[in-house]
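J.: The lines below spell out each chain.
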Amino acid sequence: MSAPVTTLDQNVKAPPAPAPPAIEVRNIVKRYGTFEAVKGVSFSVANGEIFGLLGPNGAGKSTLIRMMTTLVPITAGNAIVGGYDVAKHPDDVRRMIGVIPQALTSDPDLTVEENLSIYAKLYSVPRAEREKNIADVLEAVDLVKWRGAQVKTLSGGMRRRVEIARGLVHNPRIFFLDEPTTGLDPVSRIAVWEMLDNLRKTRHLTMLLTTHYMEEADKLCDRIAIVDHGNLVALGTPMELKQSVPGANVVEVHFDRETEEWKQRLERLDGVTSVQAESAGFYRVLTSSGSKTTMQLVELAASLGETLTSLSVQNTTLDDVFVHYTGRQLRDETVKPVFTMPPRPGMQP
Amino acid sequence: MNRMFAIIEREMRKFFRSPTLMIMSLMMPMLQLVIMGNAFGGKITGARVAVVDYDHGPEAVKLREAFDSVAANIKTFKTIDYEDEFQAREDVRTGKIDAAVVIPKQYSRRVYSQDAPQVGLVVDNSDQFMSGSIEAEMQLLVSALTNPIIQPRLANSIALEIVELYPYVNYMKFLLPLTIALAMYISVMIGGGMLYIDDKARGVHEGYLVTPITRLELVFGMNIAGSMKAVLAGISLTVIGSLMAGLGVIFHPEALLELFCLMVVTAIAFNGMMFLMMVRVDDPLVPRAMFGILNTLLLYPSGGMYPVAAFPRWLQAISVVDPFTYCVHGFKAVLLKDGGFVAIRYDLLFLFVFGISTLLIATPLFKRTL
Numbered sequence: 001m002s003a004p005v006t007t008l009d010q011n012v013k014a015p016p017a018p019a020p021p022a023i024e025v026r027n028i029v030k031r032y033g034t035f036e037a038v039k040g041v042s043f044s045v046a047n048g049e050i051f052g053l054l055g056p057n058g059a060g061k062s063t064l065i066r067m068m069t070t071l072v073p074i075t076a077g078n079a080i081v082g083g084y085d086v087a088k089h090p091d092d093v094r095r096m097i098g099v100i101p102q103a104l105t106s107d108p109d110l111t112v113e114e115n116l117s118i119y120a121k122l123y124s125v126p127r128a129e130r131e132k133n134i135a136d137v138l139e140a141v142d143l144v145k146w147r148g149a150q151v152k153t154l155s156g157g158m159r160r161r162v163e164i165a166r167g168l169v170h171n172p173r174i175f176f177l178d179e180p181t182t183g184l185d186p187v188s189r190i191a192v193w194e195m196l197d198n199l200r201k202t203r204h205l206t207m208l209l210t211t212h213y214m215e216e217a218d219k220l221c222d223r224i225a226i227v228d229h230g231n232l233v234a235l236g237t238p239m240e241l242k243q244s245v246p247g248a249n250v251v252e253v254h255f256d257r258e259t260e261e262w263k264q265r266l267e268r269l270d271g272v273t274s275v276q277a278e279s280a281g282f283y284r285v286l287t288s289s290g291s292k293t294t295m296q297l298v299e300l301a302a303s304l305g306e307t308l309t310s311l312s313v314q315n316t317t318l319d320d321v322f323v324h325y326t327g328r329q330l331r332d333e334t335v336k337p338v339f340t341m342p343p344r345p346g347m348q349p
Numbered sequence: 001m002n003r004m005f006a007i008i009e010r011e012m013r014k015f016f017r018s019p020t021l022m023i024m025s026l027m028m029p030m031l032q033l034v035i036m037g038n039a040f041g042g043k044i045t046g047a048r049v050a051v052v053d054y055d056h057g058p059e060a061v062k063l064r065e066a067f068d069s070v071a072a073n074i075k076t077f078k079t080i081d082y083e084d085e086f087q088a089r090e091d092v093r094t095g096k097i098d099a100a101v102v103i104p105k106q107y108s109r110r111v112y113s114q115d116a117p118q119v120g121l122v123v124d125n126s127d128q129f130m131s132g133s134i135e136a137e138m139q140l141l142v143s144a145l146t147n148p149i150i151q152p153r154l155a156n157s158i159a160l161e162i163v164e165l166y167p168y169v170n171y172m173k174f175l176l177p178l179t180i181a182l183a184m185y186i187s188v189m190i191g192g193g194m195l196y197i198d199d200k201a202r203g204v205h206e207g208y209l210v211t212p213i214t215r216l217e218l219v220f221g222m223n224i225a226g227s228m229k230a231v232l233a234g235i236s237l238t239v240i241g242s243l244m245a246g247l248g249v250i251f252h253p254e255a256l257l258e259l260f261c262l263m264v265v266t267a268i269a270f271n272g273m274m275f276l277m278m279v280r281v282d283d284p285l286v287p288r289a290m291f292g293i294l295n296t297l298l299l300y301p302s303g304g305m306y307p308v309a310a311f312p313r314w315l316q317a318i319s320v321v322d323p324f325t326y327c328v329h330g331f332k333a334v335l336l337k338d339g340g341f342v343a344i345r346y347d348l349l350f351l352f353v354f355g356i357s358t359l360l361i362a363t364p365l366f367k368r369t370l
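Same order as they appear, the protein sequences are chains A and B.
Per this note's numbering, the first sequence starts with residue 1, numbered consecutively.
Per this note's numbering, the second sequence starts with residue 1, numbered consecutively.
I should point out that these hints are in silico values taken from the structure, not numbers from a laboratory.
Among these hints, one or two may not hold up.
[What the hints assert, rightly or not] Result set (DSSO-like, lysine-lysine): computed pairs, CA atoms no more than 27 Å apart in a straight line: (1) Lys88(A) / Lys367(B); (2) Lys337(B) / Lys43(B); (3) Lys152(A) / Lys132(A); (4) Lys62(B) / Lys43(B); (5) Lys88(A) / Lys96(B); (6) Lys75(B) / Lys96(B); (7) Lys201(A) / Lys132(A); (8) Lys62(B) / Lys78(B); (9) Lys201(A) / Lys219(A); (10) Lys152(A) / Lys200(B); (11) Lys367(B) / Lys200(B); (12) Lys367(B) / Lys39(A).
Throw the hints in and build the complete structure from the sequences for me.
T.: Right under this line is the structure:
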């Protein structure tokens, strides 16, 4: 009888397999008749990540989130949420996720606590846990002293917090928020951002949110996907996206007099990648070095005897990223002529 | 199951938090009962009748004294003397007076000679109720005057002896079954129709749909809650309406049980019907636009106001499938006739089958997605 052979492989622990993503979307398509609202979008969201879908109204963000949350049937492709295929196991997905739709879905006639209790029951949270969960989420959204107030008596910001509490009452792993701060004043908006950031830290939530606020996406999200006309046009961290735009700074300069040569003169300055005439004597200059271009501009104006009425230097924002990738402003599609960035030398169109 | 109860809980809490809604859905049918019960139940009084007397003989005087007696006692009409028949006719036409009696020349003489005496009555038959009442009253007067003062020893005409099975049913009592049905219908229309679509439009349903609740739990939760609200409306109307109309049936436990059963199946039938109609509707204007026409379509063919036998065939066909017909018949059988379960068994059966069938058709039509 031979002794059992122990191989080295059996003793050595295999390296841990990479954790599966919390959300994985592959070539997802949504068609309404002949209209294609989402055109083959793919991305994945890691566990614990805050992922933003950024795009103008009508870009397909809400349709995407609705497909991932089982609200809208998927036409083609597939979405795996929390390890479950949305089309095949919708109930398992629903148990795993918390969803804050764009509309305020809490009942205005019921109190905050009653709303939470009803949703806890809808998620079959056992009676013993229900009270504790409600207390915890009220604490998390800072609404403890408003638990007995009817929702209709609360301010817009507080109602949005009730919605967030409602989405968390069953301790979901993945949290979907469809434009969570739309309609809120700036102070309430910042309060919601801080709250979401805290929730991510304390509850280790994976969050996917849609927004058309650049600042919101920049501040909250680890990664951002820019969606336009149903297509995913860019994906990366806010920093990566900003770096992908040619030119690190934007210089806005206003001359007191408009001449035809200004545009050509500005384009000849070192480091300038693009010049956009905004109005008479007002130019937006994209440059790799804001300080250098500023110096050159001042010298150029002095040598020509021209006066600068204003001059400002800004870093590239997500606004510039959005314009770069879509050729349009985010908030208002029909405004002025678009500010198109030329592609960086050597970049794929 | 718990999830279904959560939906019921939400709906009922919302209902009790909206006293205006609650009062409106109860008060409006009550108001209808009071107004219609009094408007339709009364007798004509104070009608203006012109008397054109071309005879002035003793029999004409007798006739006019009989008119004065009516004016002084039951007050159905009062008389106004006219000289000219044409003027009287014109005034009836223009509505200045309600009718005109013309006593022709030689009337008294023809009465005495038994030569077919006649009195003319001009009425405005565009108002059937008024003209009918005056005609009936005049007919009574004329018959009384025609009858011989000394009755013959042997009556030569056949008399009809009428036996009324139930105590006098005034119009308010008559309308009560219909009013209860109407209150339940309004409760369903508001609670099951309008609020359902409003919740859908406001996104409340979107909140439900992202939870693991099943289609069946959601549909049954909403319909059970709607039925409970309708039963509450029915109970309130039955108690208050019976007291107002002077019906003591609510103090009999057996009748109460029958009424409760009727209310439950009526609520299921109305809710099922409403849910089937609204299951695919998204526009909040639709139930509002439908409210009036649906009311007419269901209420009037029910036989609650006018007998089904008097309807044309097509309207009778609507009446056969109209749940109002069975619910009104059932409430009448219990409230006015104390007919027991035997009298309402087919109503109970129809309403239950109708309610369950409509729900079974509506459930697969209910979309679990947006």
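J.: Against this structure, judge whether each hint is valid.
T.: Tested hints:
| no. | hint | verdict |
| --- | --- | --- |
| 1 | Lys88(A) / Lys367(B) | holds (17 Å) |
| 2 | Lys337(B) / Lys43(B) | holds (24 Å) |
| 3 | Lys152(A) / Lys132(A) | holds (24 Å) |
| 4 | Lys62(B) / Lys43(B) | holds (25 Å) |
| 5 | Lys88(A) / Lys96(B) | violated (79 Å) |
| 6 | Lys75(B) / Lys96(B) | holds (18 Å) |
| 7 | Lys201(A) / Lys132(A) | holds (20 Å) |
| 8 | Lys62(B) / Lys78(B) | holds (16 Å) |
| 9 | Lys201(A) / Lys219(A) | holds (15 Å) |
| 10 | Lys152(A) / Lys200(B) | holds (18 Å) |
| 11 | Lys367(B) / Lys200(B) | holds (12 Å) |
| 12 | Lys367(B) / Lys39(A) | holds (24 Å) |
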